[in-house]
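So you can see what is in the structure, the chains are spelled out below.
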Amino acid sequence: MRYVATFHTHLSAMLTCQALQGHDIAARMTPVPRALSSSCGTCVRYEAADPCRALLDADLEAVYEEQDGSYGRLFSNDSQ
Amino acid sequence: MTKKIPWLVILTGVVTGLAALVLTKAGNPGNMGFCIACFLRDISGGVGLHTAAKVQYIRPEIIGLVLGACIMALVRGEFTGRAGSTPALRFVIGAFVMVGALAFLGCPLRMVLRLGGGDLTAIAGLLGFIVGILVGVLFLKKGFSLGRAYKVKKSEGFVLPAIMIFLLVLLLIKPAFLYFSETGPGSMHAALPIALIAGLVVGALAQRSRLCMAGGIRDTVLFKDFHLLTGFLAIFVTVLIGNLILGQFNPTNAVQPVAHHDYVWSFLGMALAGWGSILLGGCPLRQLILAGEGNGDSAVTILGMIVGAAFAHNFGLAGNADAMTDGVFTAGGVAPAGRIAVVLGLVVLAVISIANLYRGGKQK
Numbered sequence: 009m010r011y012v013a014t015f016h017t018h019l020s021a022m023l024t025c026q027a028l029q030g031h032d033i034a035a036r037m038t039p040v041p042r043a044l045s046s047s048c049g050t051c052v053r054y055e056a057a058d059p060c061r062a063l064l065d066a067d068l069e070a071v072y073e074e075q076d077g078s079y080g081r082l083f084s085n086d087s088q
Numbered sequence: 003m004t005k006k007i008p009w010l011v012i013l014t015g016v017v018t019g020l021a022a023l024v025l026t027k028a029g030n031p032g033n034m035g036f037c038i039a040c041f042l043r044d045i046s047g048g049v050g051l052h053t054a055a056k057v058q059y060i061r062p063e064i065i066g067l068v069l070g071a072c073i074m075a076l077v078r079g080e081f082t083g084r085a086g087s088t089p090a091l092r093f094v095i096g097a098f099v100m101v102g103a104l105a106f107l108g109c110p111l112r113m114v115l116r117l118g119g120g121d122l123t124a125i126a127g128l129l130g131f132i133v134g135i136l137v138g139v140l141f142l143k144k145g146f147s148l149g150r151a152y153k154v155k156k157s158e159g160f161v162l163p164a165i166m167i168f169l170l171v172l173l174l175i176k177p178a179f180l181y182f183s184e185t186g187p188g189s190m191h192a193a194l195p196i197a198l199i200a201g202l203v204v205g206a207l208a209q210r211s212r213l214c215m216a217g218g219i220r221d222t223v224l225f226k227d228f229h230l231l232t233g234f235l236a237i238f239v240t241v242l243i244g245n246l247i248l249g250q251f252n253p254t255n256a257v258q259p260v261a262h263h264d265y266v267w268s269f270l271g272m273a274l275a276g277w278g279s280i281l282l283g284g285c286p287l288r289q290l291i292l293a294g295e296g297n298g299d300s301a302v303t304i305l306g307m308i309v310g311a312a313f314a315h316n317f318g319l320a321g322n323a324d325a326m327t328d329g330v331f332t333a334g335g336v337a338p339a340g341r342i343a344v345v346l347g348l349v350v351l352a353v354i355s356i357a358n359l360y361r362g363g364k365q366k
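Sequences listed follow chains A and B, in order. If you use our numbering, the first sequence closes out at 88, no skipped numbers anywhere. If you use our numbering, the second sequence closes out at 366, no skipped numbers anywhere.
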C-alpha cells in the first residue's frame, strides 16, 4: 500500500522518514500535496504492508492512503 | 510517473506579474508593483512608527493580500486558528528579514520584479537570496525546527485580517494622525481601488497555490520539486514580457528605480532575508497569506517585520537608492549602520539556527 504521512514540522517528517528507511521501508520526503493541506510543509510518502504507526513521529498530523492520485484519511493525530 | 504541470501556481505567477505591471503603470514606483518589505515599511511610516518622510503610506496592496487570502480560506473551509510555534523568535526573525530586504531595497518578490525590469543590480540580491536559502536548507537538514503550532481559537486567526480592516478604514477616513508622503516612493501609488483589488486577487490566488518566493528554491534543493519554482519563474517571465511590450525594459546596471550599486550589501541583505525566510517557513508574501488564513505565528512575524522596518528607517539601516539629478549621479548604498545591522542579523540567525537544532530525544 502507498501512504502519505503529514506532520506539524519538517523535522518530524525527517525523523519519520529516517525511521522508516531504517526499517527498510521505501520512504521519501516531498512537499505536502495541496489537496491535503494549505500549508507548505513536508510529508513522507512510503510503501508498506501497513501504515507502520509505531515508526511515525509524535508530531504526526495525519496518515492517508494514496490510490490513483486520491487520498483517503486513515487516522489523524490532531488532538490540539 | 508523469509530472503534472502546476497550472494553478503558474496562473498565480502570471496574474501577480500582470498585477505588478498594472500597479506600476497606475502610479506605484518603478519595478515596485508589489514589494512586501517596502509596503510594510510604508505602513510602518504611515502610522508613525518611523519618521522617514518619503516612505509613509497605508498600502492597500498589503490589506488586499491578507484579506484576499482570508476570504479564500474562509470560502474553502481552510481558515484555521493556529499558533504557538515560538512566536517571539519569529518576531525577531521577521524583523531581521525586513532589515536585510530593506538594505537591498526590496523583498524577494520585488527582487523578481526588478530583474524582470532589467535591473541588473538585483542579480547580487538574487545570488544572496539563493545562498541564504541554501544555508537555511542546510540547517533544516541538520534538524532545525521552531516547533509545531497548535490549534487555537478562531479569534487568534483573525488578528491580522482585523488589523488590515482597521487600516483600510483609516485609509478611507484619513485621520490627521496618519502620515502620507508628499515626495519619494511613498507618494507614488496606484489609486486605492486598483491597489486593493490587485491585492485581493493575488492574495486569493496565492492562498490557493501556496506561491512562495523562498519555497520554490527550497523545494528544488530539498526535494528536486519544481512546483513552487514555476510560480517564481512565471512572475519573472510575465514581467519581462510586459516590460518589453510597454517599453519599460531597461537592461543595464545604470541608475534603476529605487535601487543601488552596493553589490556586497545587496548580496548579504538578501542572504539574510533568504535564510530568515527558510527558518520562518516562507517568504514575506507567504507570511501575509498564512496570517490571512489564520496563522497567528505568521501574524506575529508580520508585526515583527513592521517593527523591523521602523528600526530600519529610524536608525538609518535601510539602503539608499542611487539618484540622477540634472545629470549628476549620486551613489546610494548601505550606510555603516545598515551594514552593522545586516551582520548582526546574520549572527542572530546563526544563533537561532544552532540553538534550535534537534539534539535527539523527544522534541521540545
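Source of the hints: derived by calculation from the structure; they are not laboratory data. All figures in this text were calculated on a predicted structure; none of them were measured in a lab. Yeah, the Cβ is synthetic: ideal placement off N, Cα and C, and Gly gets one too. One or more hints might be untrue.
Just some of the chain A residues that point at chain B, by a computed CB distance under 8 Å [unchecked claim]:
id, residue
1, His18
2, Glu74
3, Gln75
Below, a sample of chain A positions facing chain B; criterion: calculated Cβ distance under 7 Å [unchecked claim]:
id, residue
4, His16
5, Leu19
6, Gln29
7, Asp32
8, Pro39
9, Ser46
10, Cys48
Structure-based check of all given hints:
1. The interface hint given for His18 of chain A holds, since its Cβ lies 6 Å from the closest Cβ of chain B, which is under the 8 Å cut-off.
2. Hint on Glu74 of chain A is violated. Least Cβ distance to chain B is approximately 12 Å, over the 8 Å limit.
3. With 8 Å as the threshold, the beta carbon of Gln75 of chain A stays out of range of chain B, its nearest partner Cβ sitting at about 14 Å, so the hint is violated.
4. With a least beta-carbon distance of about 3 Å to chain B, the hint placing His16 of chain A at the interface is held under the 7 Å criterion.
5. Below 7 Å, beta-carbon pairs count as interface contacts, and Leu19 of chain A has one with chain B at about 4 Å; its hint therefore holds.
6. The restraint placing Gln29 of chain A at the interface with chain B is violated, with a minimum CB-CB distance near 15 Å, outside the 7 Å limit.
7. Here the hint on Asp32 of chain A is broken, as its CB sits about 22 Å from the closest CB of chain B, past 7 Å.
8. Interface restraint check for Pro39 of chain A: the shortest CB-CB distance to chain B comes to about 5 Å, inside 7 Å, so the restraint holds.
9. Among the interface hints, the one on Ser46 of chain A holds; its C-beta lies about 5 Å from the nearest C-beta in chain B, closer than the 7 Å criterion.
10. Residue-level restraint check for Cys48 of chain A holds (minimum Cβ-Cβ distance to chain B is 5 Å; threshold 7 Å).
Of the numbered hints stated above, those contradicted by the structure are hints 2, 3, 6, 7, listed in ascending order.
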